[in-house]
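Asks: Using the sequences and the hints, build the whole thing.
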Amino acid sequence: MTDRALLSHLGLLAVLFAAHWLLPAYHHDAVAKVLVLSVYAMGYNIAFGYTGMLSLGHALFFAAGLYGAAMPLTLWGWTGGTALAAGLVAGTAMAAAVGLLALRTRGVSFMIVTLMFAQAFYLTILYLGRWTRGDEGIVIAQPLRQVAGFDLSNGATRYLAALLLFALALLLCLRLVRAPFGRVMVAMRENEERARMLGYNPFTVKLAALTLSGLYSGAAGAAYALMFGYAGASLAGVQYSILPMLWVLLGGAGTVAGPFLGCLLMFYLIDYASALTSATLLVVGVALVALVLFAPKGALGALRERLGKEGRIWLP
Amino acid sequence: MDFGPLLLLAILEGTVTAAVLALTAVGLSLTFGIMRVVNVAHGEFFMLGAVLAWFVSQWFPDAPLLAFLLAMVICPLVVAGVAVLADVLILKRLNYEPEATIVATIGLLYIFQQAALSFFGPNARPVAPPFNFRVQLPWFGYSGYKLFVILAAGVLLLLVWLLIARTKIGLVMRATQIDRTTARAFGINVDRVYAMTFGIGAGLAAIAAVLVVPIQQAHYLMGGDPLLLSFIVVILGGLGTLRGTLIAALLIGLLDGLLSTAFFFPPTFAKIMATLLVALVLVFRPEGLFGRRTA
Amino acid sequence: MASLTLLEARGLVRHFGGLKAVDGVDFDLAEGEIHALIGPNGAGKTTFVSLLSGRTPVQSGTIRFEGRDITRLPAHVRVRQGIAYTFQITQVFANLTVFDNVALAVQGRGASKRLARETRAALDRVGLGDRADDVAGTLSYGHQRLLEIAMGLALNPRLLILDEPTQGLAIGEIEAFKRLIEGLVPERTVLLIEHNMDVVMDLAHRITVLNFGQVLATGTPEAIRANAAVQAAYLGGQA
Amino acid sequence: MPPFRPPISGGRHERALVAMGAVMLRVSAIHAGYGPVQVLNGLTLEVSEGEVLCLMGRNGAGKTTLLRAIMGLIPLTGGEVMLDGEVISTLPAHEVPKRGVGLVPQGRRLFGDLTVAENLEVGLMTRGRGARVRDHVLTLFPRLRERLSQVSRTLSGGEQQMLAIARALCLEPKVLLLDEPTEGLQPSMIALIRDTVRDLKATGVATILIEQRVDVALSVADRIGFVSAGAVAEVAEAAALTATAPQFQTYVGV
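Chains as they are written, first to last, in the working numbering: chain A, 1164 to 1479; chain B, 144 to 438; chain C, 30 to 268; chain D, 113 to 366.
Treat the hints loosely; a few may be bogus.
What the hints assert, rightly or not - Straight line, CA to CA, 27 angstroms or less: simulated DSSO-like cross-link-like pairs of lysine-lysine: (1) B:Lys311 with D:Lys286; (2) B:Lys311 with D:Lys313; (3) D:Lys210 with D:Lys313; (4) D:Lys210 with B:Lys235; (5) B:Lys235 with A:Lys1460; (6) A:Lys1472 with C:Lys207; (7) A:Lys1460 with A:Lys1472.
Hints listed in this document are in silico derivations from the structure and should not be mistaken for laboratory results. All values reported here derive from a predicted model rather than from experimental measurement.
Replies: Okay, structure coming up:
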């Protein structure tokens, strides 16, 4: 039996690979950014879409990856590869640490606790401006942005590197959600008490999922620093916790490819709006309200539901 | 200044902060307590009140007292109206499902904020105080308007308390808070109670903002701090308990006054500590510092 | 019937405010028996099995399972040790397929290789084999109850606790249910809360009657039927 | 009990002419449930002025769901409910009690943080009743008068049940719905509740009582309806039943 879900997602990757040669320069750069941010959104989706943890503090994990890579690179002269790894570890560790505390709560309290932790981290970045350069941010010079001999400041290299990271994240996510552990994550989302009475410890399951979510977020943050050469406090603010939620809701929470789709749509929607008005974030607000009212399952979620049994096969 | 006068000044400033914060936070506490709605857009109701107060002040540039009195009536009413619309058109249709409501109010936050940016512009604008006199204390003169703010907030909070504890409307609200299904079975129109509660909560934030604009300028991004501080106050006070909310507002306000006036403590550091403290309170004492522990 | 004691509870207490839901209960479960728990509404039956399964913490008293003290163990650990609980109000994962619902129970035992086979076996046992790919929420009420039982069985428990399993089932479904339960013993032990006296009298080897949070009587169906105190608890009047 | 059953009265004026025995509440073939789960399957019953209809049946048979459906708290998917000649099943939930349906919910569901007086006040507000009704209700339950300022959560179980009934009586209901009022109570308290229901009968209230205890049912009911699988399977005159009647075995399982 052919693995239709794998096929559909490999198809998406093939299209993105072909786009490397087809896209004009502006869109080539834009899609590279979308790919990196989609990894962040996929991380958010693991926590929210699959496991049901509504976090408002994911910017903390993203920023941990961002600064975890940018600071060693600029302050301590680490190489690109080690800095990337450091960012990844920072995001993961931060998620595990926050999870140990925040997962003692649930629902609305969990949301507020994660928001508070992220806010504290954001303020810390401002407070330690001597090293983090606060609002102004760290600009990483081109010579530092090398990983394993590849120059990530180069547009073409950057696109392919972003696609590689995205492909790894996408396939890992696909594998995860179809594995037994993915089933347990969904069980936590659907009915925690029932899952507990099947012998699963909700705390450890959710902690594992949140840590994994942190790994994705940290990887995206670290990659962002190296590829786009910038780490600033605005990327740690509450808006960067809300954006991945929006992307996931738009593309379809609990679908593997949804976060990418949502991120892509939203990126171009804001891009388009900025030509019309300075109040570009109005788009974010309207999109959020419209989504919860009219399309709570998002694009791919709605599609999957329409397709019924076929939908569950093609779009896990 | 010597320590004594400095301390007095810090307490005065802190009480002004506490008074405004208490009004704002009580609004948030009402919506959470009665509707179980976490209103992330609450700070924007505050901001809308402030921005509207500026518009009102422009109608009567030479009569700040008249403009102030008018704003005290118009702003909370308009903002409450906006809130009631938001409740009926959005929140009610979501069945007040917690996660959807949070996402929707985040959306509202951006909509209100960006609307203000479009109509009001990106600059901060001052509003003239309704009167200018200084009360001469032994060591320094102090703004009479700020003292008035404390008094006005106190009176308004007393009115809120009377409404909730002593009137039939309050009884209906409390019954709905405890058990909305049973409330319905006794003829209470829960939808109307919810719309009214959301309106009152938003109106309180707006009225706090009208009081504050002569001290602090109106700006389209000014909703963030009151939201965060109200959250802190409501959580520390125990979610949905009015008395706890008041105590916590006083505590946070005074602390803020002391930290920013009397001691040379970096305010960012104080904010970090306060934020972490609140997160830990929620983790280890979810019923708040002054809330009742329920079985 | 086996005479070894599988589970032993001593002096269990659980009060909610002023309500004495479980008030000093001693209880023994013999290995391989079908034991029914009956009593008027509000007698504390669900609270009592919640104490056994760990869903509700015990205020005082001890519970021993297979000789080990499990009083303080969290619920999910008790499930792993062989105490399965099925819910009174059907709580299947409504948005997952029937297969996934049962697979969740199977895979928790670490049976990764035989996951699909064991899942289908559990489904076949309750007669839901041909519904494996359906979304659980679309099943009829009776089928959801069966799915709930399949999930309990798939945990491969020593002790299966069923909370009002026949509630809402049609007459024909109840007959099938009885045959299913009879086939479980003596390899497993079954404790069921049940209001349908026909089911209780047909199935149970022993019956315990709770009233006001206390044990009113324990014995064979015949003995319980003849017990005056039990009659009084149900029919009212003075005992 | 009432041998004479006139046809349903058309309106207020007619009702004044018809004495005891007019049908007060008629439930016609209603279907209702929660989401995809159908609980009530064409349930039909009627209860007349001054009559006590007792409903018995196993857990899950649909008794509580029936009361929720009458109160408009869950939507009907079929059938209708008529109170005193008016269709009430199309009204919003909060309008139903205003027409005169008082509910004593299962588990009492008092407004626990409110005082006894405030709980009664909520009941009085439903139909705009005042001091006269309050006084009458407190005369029925003198224990509550002594505890008016006490927070209701702190009352004993029996007192809470009294308050739940008193709160419903503050509506001066035409129809009173009681959902297992004797659950978890001591015999003396059960006797008190039984007497209260009997007294109310004399005032012309139509009562639907859900009850698990056969003796209580037999001692207060005029008719007993046996509920099974979401419908009334059988209705019997209480006087014609004894505690050992086969219906109890079949439908209730004792």
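Asks: It remains to establish, for every hint, whether it holds in the given structure.
Replies: Now for the hints, and whether the structure bears them out:
1. B:Lys311 with D:Lys286: Since the Cα atoms of B:Lys311 and D:Lys286 sit roughly 25 angstroms apart, the hinted pair holds (cutoff 27 angstroms).
2. B:Lys311 with D:Lys313: Roughly 32 angstroms separates the two Cα atoms, so the pair is violated.
3. D:Lys210 with D:Lys313: It holds: about 21 angstroms lies between the C-alpha atoms, which stays within 27 angstroms.
4. D:Lys210 with B:Lys235: holds (23 angstroms)
5. B:Lys235 with A:Lys1460: Holds, at roughly 19 angstroms.
6. A:Lys1472 with C:Lys207: Violated, because 33 angstroms separates the two Cα atoms, which is more than 27 angstroms.
7. A:Lys1460 with A:Lys1472: Answer holds: A:Lys1460 to A:Lys1472 is near 17 angstroms, not above 27 angstroms.
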